[in-house]
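Participant: Letter by letter, the chains look like this.
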Amino acid sequence: MSENFNLQNQVLSVAQFNQLIDGIVSPLQVVVEGELVQINTRSSRWFFATLKDSQASVSVFSPLNRIANWQILQEGMRVRVDGWPRLYQKTGRFSLFARSIAPAGKGALKKALEKLKKELEILGYFDPDRKRSLPTFIRRIGLITAPDSRAYSDFISILNHQLSGIKIDFYPVLVQGDGAVNSIKSALNFFNYQASQYDLVVLTRGGGSLEDLLAFNNRTVIEAVYGSRVPVLAAIGHEEDDCLVDLVADIRASTPTQAAQIINYHHQETLSIIDSLTKTMVDNYQELISNYQETVNTLVNGLSFYYRQQFRETNYLLNRFNRAIDYFFNKIETQRETLLVLEKLLLSFDYQNILKRGFTITLDSHDKIIKSPGQVSLADQIVTRFYQGKIISQVKSKNES
Amino acid sequence: MNPKTSQTKNLATAFKELEKIAQQFEQGKIDLEQGIKELERGLELARFLKKQLSKIEHKVTEIKKSYQEIDD
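Protein sequence lines, in the order shown, are assigned to chains A and B.
Sequential numbering from 52 applies to the first sequence in the numbering used here.
Sequential numbering from 85 applies to the second sequence in the numbering used here.
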């Protein structure tokens with residue numbers, strides 16, 4: 052290769068030389084696998100390490116904020132560095148600039164995750180006490196998952212088994228590969244920005260290998276879930292182990308389907324709590340009423356008994372009174388009749404004596420006693436009664452004086 | 085105040101009130117006359133809450149790309 056690059060005709064300065072070499076190598080995109088050692092993150096802005104194998108080694112560096120998962124990288128871990136060669140022009144120092152550093156092979160990855168898991172556990176990220184339960188009323192949720200995915204359709208269709216008018220704001224994301232971490236972080240930030248609007252965030256994806264699920268074991272995503280002001284329901288499809296996001300989330304489900312079922316079941320529970328509260332109120336009030344009713348009945352019965360008695364006694368008195376009155380009236384009547392008879396008798400005795408002495412009684416044609424001449428007219432017929440017998444005569448003349 | 089916040093607050097408040105009324109009934113702290121008023125209120129709250137959870141379809145809205153951050 053060196054035959055084509057004979058520049059010995061030109062005399063270069065050191066700077067020019069360094070610049071030349073850097074210019075040649077830096078466009079190369081490479082992926083280098085080796086053992087990562089001498090990890091140095093003390094500066095907090097730069098990531099330095101050495102990548103080596105049995106035959107050679109090279110310096111690796113990168114800005115720390117590019118290596119999002121630097122915390123899972125362990126001393127001695129087998130990794131793949133994706134990046135390009137750089138020659139630092141000032142010193143001629145050659146290194147591999149890393150765009151990303153990923154654990155290579157399942158074993159390395161597992162070890163890295165174990166390390167992170169222990170660390171988070173100590174920090175209390177998995178503490179049951181910090182986990183929030185589902186809010187009583189789930190009216191609006193944020194859904195974070197891949198668009199056109201089985202996870203999405205499973206979640207939505209199972210949720211539709213229990214219609215309750217939930218508003219679902221769907222934020223499509225990448226769930227694996229480059230950009231997944233930032234994509235998911237953006238989604239969580241989006242819903243947290245309007246945290247008061249959302250009752251729940253559902254973070255879910257379908258199953259996959261450990262490499263596929265890397266984003267959900269990523270420190271950045273974990274931090275976003277941990278710090279979410281909206282409760283997070285995580286359902287990251289998995290095979291044997293839980294993702295770290297599952298462990299940090301407030302509620303977790305094993306599949307998108309189960310996540311929807313949890314929400315549906317919760318909705319049912321809320322409805323039945325309302326029903327049971329209603330029943331409590333109604334039952335207790337009914338009991339209250341029937342207690343009062345019993346009291347009233349007892350009182351009314353007692354009252355009625357008293358009045359019935361009163362009524363009976365009064366009735367009895369009334370009857371006696373009526374009978375007394377009848378008796379008195381009868382008596383009066385009898386006595387009146389007797390009196391009349393007696394009166395007649397008396398009267399008859401009275402004028403019999405007078406008639407014996409020669410006096411007479413004169414009656415008109417109506418048998419009425421004539422006491423003065425004015426009572427008759429001329430030619431009227433009159434009857435004169437003697438002690439014995441009578442004379443019938445006619446008025447010839449009369450004298451009123 | 086946006087509608088969503090006041091709706092959640094209304095639901096949570098209404099639910100708490102319903103719980104309180106039911107508790108009062110359970111503890112026998114209610115008399116006959118006050119009771120009918122409380123029962124009416126409680127039933128009204130229960131009706132309101134159940135209506136909120138009634139069989140209306142879910143509504144999915146996709147967040148448009150313009151709101152999303154752009155990846156590196």
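Since the hints were derived computationally from the structure, they do not count as laboratory data.
The beta carbon of each residue, even a glycine, is placed where N, CA and C say it ideally should be.
One or more hints might be untrue.
[Unchecked claim] Distance ranges between label pairs, derived from CB positions:
1) B/Glu128 - A/Arg363: 28 to 38 angstroms
2) A/Glu172 - B/Ile140: 51 to 61 angstroms
3) A/Gly230 - B/Ile140: 53 to 63 angstroms
4) A/Ser184 - B/Lys104: 44 to 54 angstroms
5) A/Ser208 - B/Glu128: 18 to 28 angstroms
6) B/Glu128 - A/Gly258: 20 to 30 angstroms
7) B/Glu101 - A/Ala246: 20 to 30 angstroms
8) A/Gly278 - B/Glu128: 12 to 22 angstroms
9) A/Asn240 - B/Lys104: 35 to 45 angstroms
10) A/Trp97 - B/Glu101: 53 to 63 angstroms
11) B/Lys139 - A/Gly230: 35 to 45 angstroms
12) B/Lys104 - A/Leu322: 54 to 64 angstroms
[What the hints assert, rightly or not] Using 25 angstroms as the maximum straight-line C-alpha spacing, the simulated PhoX-like pairs for lysine-lysine come out as follows:
13) A/Lys218 - B/Lys113
14) B/Lys148 - A/Lys330
15) B/Lys100 - A/Lys218
16) A/Lys218 - B/Lys139
Participant: Hints first: check each against the structure and report whether it holds.
Facilitator: Now the hints, each set against the structure:
1. B/Glu128 - A/Arg363: 28 to 38 angstroms: violated (51 angstroms)
2. A/Glu172 - B/Ile140: 51 to 61 angstroms: Violated, since glutamate 172 of chain A and isoleucine 140 of chain B (Cβ atoms, about 42 angstroms apart) do not stay within the stated range.
3. A/Gly230 - B/Ile140: 53 to 63 angstroms: violated (36 angstroms)
4. A/Ser184 - B/Lys104: 44 to 54 angstroms: Hint violated: Cβ distance 20 angstroms, outside 44 to 54 angstroms.
5. A/Ser208 - B/Glu128: 18 to 28 angstroms: Given a distance of about 35 angstroms, which is not inside 18 to 28 angstroms, the answer is violated.
6. B/Glu128 - A/Gly258: 20 to 30 angstroms: violated (47 angstroms)
7. B/Glu101 - A/Ala246: 20 to 30 angstroms: Roughly 25 angstroms apart at Cβ, these two residues keep to the hinted range, so it holds.
8. A/Gly278 - B/Glu128: 12 to 22 angstroms: Taking Cβ atoms as reference, glycine 278 of chain A and glutamate 128 of chain B lie about 40 angstroms apart, which means the hint is violated.
9. A/Asn240 - B/Lys104: 35 to 45 angstroms: The hint (35 to 45 angstroms, Cβ to Cβ) holds, given that asparagine 240 of chain A and lysine 104 of chain B are roughly 38 angstroms apart.
10. A/Trp97 - B/Glu101: 53 to 63 angstroms: holds (58 angstroms)
11. B/Lys139 - A/Gly230: 35 to 45 angstroms: holds (39 angstroms)
12. B/Lys104 - A/Leu322: 54 to 64 angstroms: Since lysine 104 of chain B and leucine 322 of chain A have Cβ atoms about 19 angstroms apart, the given range 54 to 64 angstroms is violated.
13. A/Lys218 - B/Lys113: violated (40 angstroms)
14. B/Lys148 - A/Lys330: Outside the cut-off at roughly 46 angstroms; violated.
15. B/Lys100 - A/Lys218: holds (23 angstroms)
16. A/Lys218 - B/Lys139: holds (13 angstroms)
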